[in-house]
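Peer 1: Sequence:
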Amino acid sequence: WQAKAAAAAAKLAAASREADVWKEKEARYIAQALVHASALKADTAIAWEVADARARELLEASDRLQEASDSFREAESALVCLQAQLELEMDSLRAENDSLRSEIGVVKAAEADSKQETLATAAEHQGQLDAARAAEIEARTAEAVALRESEDAAFLIGELCVELRAVSLSEPLEELHAALHDNAQHSTDLAMQHTDELRALQAARKMEVEAIQASANPVVRLLSAGVDLLVGPL
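The sequence shown begins at 1132 in the numbering used here and counts up one residue at a time.
Heads up, a few of these hints could be off.
[As the list claims (entries may be wrong)] Only pairs whose alpha carbons sit at most 25 Å apart, straight line, appear in this in silico DSS-like list of lysine-lysine:
(1) K1172 - K1156
(2) K1156 - K1142
(3) K1154 - K1142
No lab work stands behind these hints: they were computed from the structure.
Computed from a predicted model, the values in this text were never measured in an experiment.
Make the full structure from the sequences, and use the hints.
Peer 2: Dropping the structure here:
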């Protein structure tokens, strides 16, 4: 029995030592577990803080997104109103453009009528000027013919005097010279009178043409200037 008791005691002591070893291991494991738990708790706290920060950021981002969405809706509504206003303005501009085109058409028609009227007036004045010029040319021609005839008459009288002087030496030459001198003086006076009348007619005609040109429009004055250049040499 003593041997068995000693063996049992030895086994018990071995078991006690093994139990102590396991207790030490358990104590180390518990200490390590506590350390890991503390670290995990710290990490968890940090993770919760990070998660709270991310949650706050997400909430702020959600608020900003909501504000942006509201701003977008307001901008979209403003854009719709602006488009409607632009359509109204475009309609107003189209109406104004149509009105301006109508006014331009009326103005062009009035300008065309005024141009036709101006051309008709110019043609009428031109006809008057042409008629006056023709009458003046005819008068000048008649006066030139009369003057030429008077000069021819004086020349014939001179030749007649020469012939009479050569043929009728017995006739009283003083009376013949006096008669011839009177006829020559009369022809000269008549020629000077025609010349003075022609000059007076030219001056009066010039004043009349200037008065017509002053009362006419610029188109008629230009036409009159052209007629003066064409008819003047005649």
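Peer 1: List in ascending order the numbers of the hints, as given earlier, that are violated by the structure.
Peer 2: none
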